[in-house]
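Each chain, written out:
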Amino acid sequence: MADLEQREQDEQTEQSAALDSTLPGPTQTGRAVSIARLLHHECGLLLQLYKEKESFLSSYSPDGGRMVSPSPVPQEEASGEQRVERLHAALRQCLGLLHNVLLKEEEEWGEQEEDYETLKKNVRHRLEHLLLSTRGLLEGPDTTLEVTPDHQGTEEPDGAGGLFGLKVWTYRVLLELHHWADHAAETLHVFHTERGGAADL
Amino acid sequence: MPHLSVNPSSKPNCSTVWLISVLLGLLAVHTNANDVLTVPQQVSLSTNMDSQQLSISWVAGAATTFDLMILRTELNESVFYETVSVMVSQLSGRHEWNWTSVEPLQCTSLSIKVRSREGQSTSEWSNTEILQGSDLPSEEEWQMFPLDRVVPVGANTTFCCIVKEGEQFGTINYGNTVMNTTRLSRRSYATTVVNQGLSRTSGTNVICYNSFKELKIGAVLFVGYPPLLSDFVCETHDLTSAVCLWNERNTNLNTKTRGTRHTLNNRTFTLSWSRNPKKECRVDHWEGNWTLVAVNPLGQYSLTDSAELSHRVTPVAPENLTSVAHAMNATVLWQWKYDGYSSLALVCQVELTSQGYKTNHTFSGVDLRAVVLPDLYPYEDYSVQVRCGAQQNFWKWGSWSETMSFKSSSIVPEAPDMWVWMNKDYTGQIFWKPLTRRQSRGLMTGYEVTLWSPGESLQHTDILPPDTFAVLVNLTLMATASSDNMVMATVTAKNTEGVSLPASVLIHLRLTDPDPRAVSQAVYTDSGFSLFWQSEVNTTCAYVVEWHNASCKWNCPVDWIKVAPGNTNVSIESANFQPGVRYNFSLYSSSSEAPELLQRWQGYMQELVPSSPVLSLLTTQEDSDILLTWGHIPLVSRRGFLLGYNIYISSGSQLTLLANLSDPGSRSYTVKGLSEGSYKFTVKAYTSAGEDTGATASIMLEPFTDWLILEILASLGVTALFLVIVTFLCYKKRKWVKKAFYPDIPEPKLPGDWSRSQAPLDVKPPHHSLVHMVERPEWDSSKEALVVIPEEDEDEDGQGIGDELVDTDEQTSLRYYNQVVDERPIRPRYPDSSDSSASSLDSARTDVTYTGIHTSGSSFVFQLDPQGSSEGHQPQADPSFCAGGGGGYRPQMQSRVPSDDMGPASPNPFPEPQAASGYKPQSSWQMDSPVDDGEGRSRASSLGSPTSIASTLFLLPDGEDHTEEKRQPSSSAATWLTNLLSSTKP
Numbered sequence: 001m002a003d004l005e006q007r008e009q010d011e012q013t014e015q016s017a018a019l020d021s022t023l024p025g026p027t028q029t030g031r032a033v034s035i036a037r038l039l040h041h042e043c044g045l046l047l048q049l050y051k052e053k054e055s056f057l058s059s060y061s062p063d064g065g066r067m068v069s070p071s072p073v074p075q076e077e078a079s080g081e082q083r084v085e086r087l088h089a090a091l092r093q094c095l096g097l098l099h100n101v102l103l104k105e106e107e108e109w110g111e112q113e114e115d116y117e118t119l120k121k122n123v124r125h126r127l128e129h130l131l132l133s134t135r136g137l138l139e140g141p142d143t144t145l146e147v148t149p150d151h152q153g154t155e156e157p158d159g160a161g162g163l164f165g166l167k168v169w170t171y172r173v174l175l176e177l178h179h180w181a182d183h184a185a186e187t188l189h190v191f192h193t194e195r196g197g198a199a200d201l
Numbered sequence: 001m002p003h004l005s006v007n008p009s010s011k012p013n014c015s016t017v018w019l020i021s022v023l024l025g026l027l028a029v030h031t032n033a034n035d036v037l038t039v040p041q042q043v044s045l046s047t048n049m050d051s052q053q054l055s056i057s058w059v060a061g062a063a064t065t066f067d068l069m070i071l072r073t074e075l076n077e078s079v080f081y082e083t084v085s086v087m088v089s090q091l092s093g094r095h096e097w098n099w100t101s102v103e104p105l106q107c108t109s110l111s112i113k114v115r116s117r118e119g120q121s122t123s124e125w126s127n128t129e130i131l132q133g134s135d136l137p138s139e140e141e142w143q144m145f146p147l148d149r150v151v152p153v154g155a156n157t158t159f160c161c162i163v164k165e166g167e168q169f170g171t172i173n174y175g176n177t178v179m180n181t182t183r184l185s186r187r188s189y190a191t192t193v194v195n196q197g198l199s200r201t202s203g204t205n206v207i208c209y210n211s212f213k214e215l216k217i218g219a220v221l222f223v224g225y226p227p228l229l230s231d232f233v234c235e236t237h238d239l240t241s242a243v244c245l246w247n248e249r250n251t252n253l254n255t256k257t258r259g260t261r262h263t264l265n266n267r268t269f270t271l272s273w274s275r276n277p278k279k280e281c282r283v284d285h286w287e288g289n290w291t292l293v294a295v296n297p298l299g300q301y302s303l304t305d306s307a308e309l310s311h312r313v314t315p316v317a318p319e320n321l322t323s324v325a326h327a328m329n330a331t332v333l334w335q336w337k338y339d340g341y342s343s344l345a346l347v348c349q350v351e352l353t354s355q356g357y358k359t360n361h362t363f364s365g366v367d368l369r370a371v372v373l374p375d376l377y378p379y380e381d382y383s384v385q386v387r388c389g390a391q392q393n394f395w396k397w398g399s400w401s402e403t404m405s406f407k408s409s410s411i412v413p414e415a416p417d418m419w420v421w422m423n424k425d426y427t428g429q430i431f432w433k434p435l436t437r438r439q440s441r442g443l444m445t446g447y448e449v450t451l452w453s454p455g456e457s458l459q460h461t462d463i464l465p466p467d468t469f470a471v472l473v474n475l476t477l478m479a480t481a482s483s484d485n486m487v488m489a490t491v492t493a494k495n496t497e498g499v500s501l502p503a504s505v506l507i508h509l510r511l512t513d514p515d516p517r518a519v520s521q522a523v524y525t526d527s528g529f530s531l532f533w534q535s536e537v538n539t540t541c542a543y544v545v546e547w548h549n550a551s552c553k554w555n556c557p558v559d560w561i562k563v564a565p566g567n568t569n570v571s572i573e574s575a576n577f578q579p580g581v582r583y584n585f586s587l588y589s590s591s592s593e594a595p596e597l598l599q600r601w602q603g604y605m606q607e608l609v610p611s612s613p614v615l616s617l618l619t620t621q622e623d624s625d626i627l628l629t630w631g632h633i634p635l636v637s638r639r640g641f642l643l644g645y646n647i648y649i650s651s652g653s654q655l656t657l658l659a660n661l662s663d664p665g666s667r668s669y670t671v672k673g674l675s676e677g678s679y680k681f682t683v684k685a686y687t688s689a690g691e692d693t694g695a696t697a698s699i700m701l702e703p704f705t706d707w708l709i710l711e712i713l714a715s716l717g718v719t720a721l722f723l724v725i726v727t728f729l730c731y732k733k734r735k736w737v738k739k740a741f742y743p744d745i746p747e748p749k750l751p752g753d754w755s756r757s758q759a760p761l762d763v764k765p766p767h768h769s770l771v772h773m774v775e776r777p778e779w780d781s782s783k784e785a786l787v788v789i790p791e792e793d794e795d796e797d798g799q800g801i802g803d804e805l806v807d808t809d810e811q812t813s814l815r816y817y818n819q820v821v822d823e824r825p826i827r828p829r830y831p832d833s834s835d836s837s838a839s840s841l842d843s844a845r846t847d848v849t850y851t852g853i854h855t856s857g858s859s860f861v862f863q864l865d866p867q868g869s870s871e872g873h874q875p876q877a878d879p880s881f882c883a884g885g886g887g888g889y890r891p892q893m894q895s896r897v898p899s900d901d902m903g904p905a906s907p908n909p910f911p912e913p914q915a916a917s918g919y920k921p922q923s924s925w926q927m928d929s930p931v932d933d934g935e936g937r938s939r940a941s942s943l944g945s946p947t948s949i950a951s952t953l954f955l956l957p958d959g960e961d962h963t964e965e966k967r968q969p970s971s972s973a974a975t976w977l978t979n980l981l982s983s984t985k986p
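Respectively, the protein sequence lines represent chains L and V.
The opening residue of the first sequence carries number 1 in full-length UniProt numbering; numbering runs sequentially from there.
The opening residue of the second sequence carries number 1 in full-length UniProt numbering; numbering runs sequentially from there.
No lab work stands behind these hints, which were simulated from the structure alone.
Bear in mind that the values here come from a model prediction, so they are computed numbers and not experimental data.
A couple of the hints might just be wrong.
[What the hints assert, rightly or not] List of simulated lysine-lysine pairs, DSSO-like, C-alpha gap at most 27 Å: (1) V:K494 to L:K53; (2) L:K53 to V:K213; (3) V:K407 to V:K279; (4) L:K121 to L:K104; (5) V:K279 to V:K358; (6) V:K732 to V:K672; (7) V:K256 to V:K279; (8) L:K121 to V:K424; (9) L:K53 to V:K256; (10) V:K424 to V:K553; (11) V:K396 to V:K337; (12) L:K51 to V:K433; (13) V:K494 to V:K553; (14) L:K104 to V:K216; (15) V:K337 to V:K433; (16) V:K433 to V:K553; (17) V:K256 to L:K104; (18) L:K104 to L:K51; (19) V:K213 to V:K424; (20) V:K494 to L:K51; (21) V:K164 to V:K216; (22) L:K51 to L:K121; (23) L:K53 to L:K104; (24) L:K121 to L:K53; (25) V:K256 to L:K51; (26) V:K732 to V:K680.
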């Protein structure tokens, strides 16, 4: 875990340096792809850990649509920047969901198992870094993107469901995070190749 | 109920009236009662969903007994139907009764109705009130109850699952367990979990699945304990505030909303969650009295404490420890966090650690901030930590301070412990023990060894590095130069601070026997070799006990220990002691003079069996015994004190103990009583640990020929001596012998006209006849004849008569001798004597089988007539004998006159001189017993039966011998003796 934190600090430093540049190059996009992939990996770990905690979830497939729904932009017509911008919006909603999970879990359960708590915080930090990274890819003189959690439009846990409902909702959030992290890795990789980056990153 | 009272003493005329009145009264009462039982009105319901309690209230006037009925509305199943007593509430004027449902009240709709009861009388039922459940069609989604319930360990909980409209119920799982369910309504199903155990931290999931085993709804159940507190005390560290401490049981309800909430003196505080049962809460001011309350969904617990501040002082840990170190002591200083300690009387504990050993020093005083630690070792690393408590009203020790380390200063080292080992010449070694870290007292730089002769002021010094602990010395030169034969060996140690005091040993240069004293055995115990000695009177010297491997003789690595004066025993223990190794221990006096050997011991740490057998086992035959000899076992191989030897003899693979020699000095053993053959002997030495493997030697035991020869020679000598004696005696008693064994026998005489007589032989058997058997191979049986020789000699020599008288008894019996003449197998004889004689004569090989005196009737029996003989009468033939024996056995002399029976006689029947002179029986011949005729006949007839024949007479040639015999009786006796000896041959 110490290695992870050190790596995060390094990435933050690099990210800050990247923000200073006016045009994103292959290095910036490649780094964003790496962060997205790392986030996807950690979201997978977190999901796995949660399913181990609540074993009933292993046979549960939640119905319903996506919890995160950024403004619809036709994929075919969207430019690379638009796709990244849409991704950025979705990631903000994911961050809002994650914040809700952290908050509600802390309210209900207090401090939980150490590895689970650590991994949750890591995912939150990774997601924040990815938001900074995507913002760096898109930000220009005329655009200003937020990196704060977006709670609008995100689904809250059903209070009538009680703690069981909270568990199911948390699981759905983790699934959503895993999905959007994967989507971010793909989108950013496409964007990276469009910007001249190596395809085999 | 009204009482019916009957008075038996009432008058009959009045009783009828009275009875009628009573019956009427009862009827009136009954009619009136129906009128007063009111139907409950205004039935209302209120619920507590968490406690699953239903409160039912109604208005029913003064009635106190009611029937309550609760039904599940949809299935019209009775859940509760009982008669209860309910008093009217004075405040509300209503009747109110509470009922707790097993299932959550939301599970399904319940119908409730009430009626009044008085005895068996009841009112009508009230209107039915319905408590609507959550399974109404309007609530069509999946639902589950109860949600997030917290229950104590061991409780039972019923859950219900309300199925979504249009879907089918599957199962209810408690954790991973599929539960049995009960249907409560069209959509509602329930299950009960009994005796619940602790749940997980995040609760136990109760999940409802549809018929496709799809998870549809669930609830979480928490099972834990109510709070339980103990050991609640409040104390102060800063002399102002209070810190309250207690222990708390883990309730297993650690979530924020279900966790334990605490208040201290009614002030709520929050504890960070921790698995540690020790909890604490800080209060800014000392209040003196405290009440701690802990509450969770399952209950609450409270404890109180009260104390004065001065009684609850627990000092904080001293801070900023420093030290001022010297060689033998150090000052430790620290600071206090709070100024209030400046007026506080404290007792402080200083824990000093050096080389893993801890020592505690206690100090006390007001405003204690520094202490001096005495008795330190120089050049030693120490670590120290301090804690304190209130000196007055001691409550408890405060926390230990941080550990502070320091090192004491160094000084000159201690004098080394030295010893000298001298060989049996002027060479030797000087040893000294390595100084320990504490004895070094600083960084060691080396040792200095000095040899000097006090009388001659000769001195030799060696500087040695610090890792040297022995040096070889040769005192030959000093011995030649020294006049007092004394050399002083001195060793000093040096470190960075200087040189130690010298350690010295005075060495005698006299070459004396180093082992003048008797050696005792030293016994090894758990504490080592225990050595004891007698203290010499008025001796105040110390002692040195030196030991080394006993098998070492030159420049031995020795070890030693110094013993204080006055001691008379010591236990020697060393990690170098090895089992099976003999050690020599020597006790020396240690004084300013040269050490004097006082006593010696030998011992084994542990005795083992000898590692090798005896050397040179030899076997030697000594006469018929076997001598075993062997050599000693080398000291190194003994590995124990030899106790003796066991002698074994091998028989196959088995050893048989012959002897146990308990003398360890034995070197031989003689084995006796063995017969000839091959033997194998094994000699095993033994110690207290047992026998060695043994040495074996073989030997082939030869017969002892010398003795045999000696025995034979001795036997022969004895025999010869006996013969000489017998011969001598016989010679001395030859007359007696002759009379006894060889009386003179009259020589038969042949009448001169024997040749002329052609008439049948008129045989007159003489008393004694000498029959000569003539061997004539050509003579057939028809020609054989016997010649009866009259014993004329007897007449001539009366001596024979006299001799015959001696054997009178013998003449009465018949004897047969054939040993001399005929050794052939004896043939069967016929009863007829002639046949017998003929058969004997038929033998082609034997011309004479003399039957000198045959027992058959046809035999001639030489009857001794003592009287006739003495008178010189011719022996007369007994006619009766002749008649009886015609044609049978005939005297040889008759051969010249052949009888009819015998056929033509040989013209020369006795061609040989012996034959002519006839036969003469030896002295041993036997005569027939002199019986009368009748007797003789009867005997002859009896003797005619088949008889084993063995010729029993010696037929000796007569003639010259006989005459010579007359002349030389002694030679006759000798002849007889010779014959006797020869006759003994089988």
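Evaluated hints:
1. V:K494 to L:K53: violated, 70 Å
2. L:K53 to V:K213: OK: K53 of chain L and K213 of chain V at ~21 Å, within 27 Å.
3. V:K407 to V:K279: violated, 40 Å
4. L:K121 to L:K104: holds, 14 Å
5. V:K279 to V:K358: With Cα atoms ~32 Å apart, K279 of chain V and K358 of chain V exceed 27 Å; violated.
6. V:K732 to V:K672: Given that 27 Å is the threshold and the Cα spacing comes to 49 Å, the pair is violated.
7. V:K256 to V:K279: holds, 17 Å
8. L:K121 to V:K424: violated, 86 Å
9. L:K53 to V:K256: holds, 19 Å
10. V:K424 to V:K553: Distance of about 9 Å is within 27 Å: holds.
11. V:K396 to V:K337: holds, 18 Å
12. L:K51 to V:K433: Roughly 70 Å between the alpha carbons, so the hint for K51 of chain L and K433 of chain V is violated.
13. V:K494 to V:K553: The given pair, whose Cα atoms are some 33 Å apart, is violated under the 27 Å limit.
14. L:K104 to V:K216: holds, 22 Å
15. V:K337 to V:K433: It is violated: about 50 Å lies between the C-alpha atoms, which goes past 27 Å.
16. V:K433 to V:K553: Since the Cα atoms of K433 of chain V and K553 of chain V sit roughly 22 Å apart, the hinted pair holds (cutoff 27 Å).
17. V:K256 to L:K104: holds, 10 Å
18. L:K104 to L:K51: Given that 27 Å is the threshold and the Cα spacing comes to 18 Å, the pair holds.
19. V:K213 to V:K424: Distance of about 103 Å is beyond 27 Å: violated.
20. V:K494 to L:K51: The hint is violated at about 73 Å.
21. V:K164 to V:K216: Holds: K164 of chain V and K216 of chain V sit about 9 Å apart, inside 27 Å.
22. L:K51 to L:K121: holds, 17 Å
23. L:K53 to L:K104: holds, 17 Å
24. L:K121 to L:K53: holds, 17 Å
25. V:K256 to L:K51: Roughly 22 Å between the alpha carbons, so the hint for K256 of chain V and K51 of chain L holds.
26. V:K732 to V:K680: violated, 60 Å
When each numbered hint is compared with the structure, violations occur for hints 1, 3, 5, 6, 8, 12, 13, 15, 19, 20, 26.
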